[in-house]
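Student: The listed protein sequences derive, respectively, from chains V and E.
Using full-length UniProt numbering, the first residue of the first sequence is number 1, and each one after it goes up by one.
Using full-length UniProt numbering, the first residue of the second sequence is number 1, and each one after it goes up by one.
Please keep in mind that the hints were generated in silico from the structure rather than gathered at the bench.
Just so you know, not all the hints are guaranteed correct.
No distinction is drawn between identical chains; accordingly, a pair holds when it is met within one copy or between any pair of copies.
List time: in silico DSBU-like cross-link candidates among lysine-lysine, alpha-carbon distance up to 30 Å [claimed, not checked]:
1. K85 x K119
2. K85 x K10
3. K62 x K13
4. K62 x K85
5. K13 x K119
6. K56 x K13
In case you want the letters, here they are:
2 protein chains.
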Amino acid sequence: MAAPVDLAEKLGKFSEHWTPKVVADFNGHDIMVVKVNGAFVWHAHPDTDDFFLVLKGRLTIKLRDASGTESAVTLGPGQLYIVPKGVEHCPVAEEETHLLIIEPAGTPNTGDPATAAVKTRL
Amino acid sequence: MAAPVDLAEKLGKFSEHWTPKVVADFNGHDIMVVKVNGAFVWHAHPDTDDFFLVLKGRLTIKLRDASGTESAVTLGPGQLYIVPKGVEHCPVAEEETHLLIIEPAGTPNTGDPATAAVKTRL
């Protein structure tokens, strides 16, 4: 029987940070929710764009272009940003923040399989 | 300069129904917002899943499987559903409803280029 995916209900099932949970599949991509707080690591995904939609809280995505120049974009609820593939970025939250993120299935969240979180399914 | 995509701000720029507006690009897909009310047409996308996230209002997606059996899923704000590729579906809203939808760039929203809405960019 078809059932909706309720994002708040999924987010209520865990409390740890920076561990994305897969909630649906879309064209070979993982649709995920994640709770974040504090700073992640600088990384890039050479083969995929990175989709961020803030559901609750506030997320700053630091960006570094090919010349090394840094900028940043800050997102509140209902705001999204796509980090283009290959662009170095570092997500930072100064409060508990909930995100909907989308990446191709199997993409390591740190850009490096050795340090990536295991993506479990909720 | 990097700027967030504010979904409510984009939705405030138009009033017509069933005419998706592209607000961002992600891995060859259009990220779109759309306002809907009433019933759409039954259709299927043979080559792509169909992503629906309700931002405001309520959406029922009628579904018809290969045997012709109908079912339905109803989504409220913060709920999403992925219609698998090839599955016939008919979105219906009984009130003004706002959605975030994702399809490969160029996918006709009716499943048929002859009847599809032109996807403009906001």
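Student: Would you mind marking each hint as holding or not holding in the structure?
Tutor: Outcome of the hint check:
{"no.": "1", "hint": "K85 x K119", "verdict": "both (20 Å within a copy, 24 Å between copies)"}
{"no.": "2", "hint": "K85 x K10", "verdict": "both (28 Å within a copy, 24 Å between copies)"}
{"no.": "3", "hint": "K62 x K13", "verdict": "both (29 Å within a copy, 29 Å between copies)"}
{"no.": "4", "hint": "K62 x K85", "verdict": "within (15 Å within a copy, 36 Å between copies)"}
{"no.": "5", "hint": "K13 x K119", "verdict": "within (14 Å within a copy, 37 Å between copies)"}
{"no.": "6", "hint": "K56 x K13", "verdict": "both (16 Å within a copy, 24 Å between copies)"}
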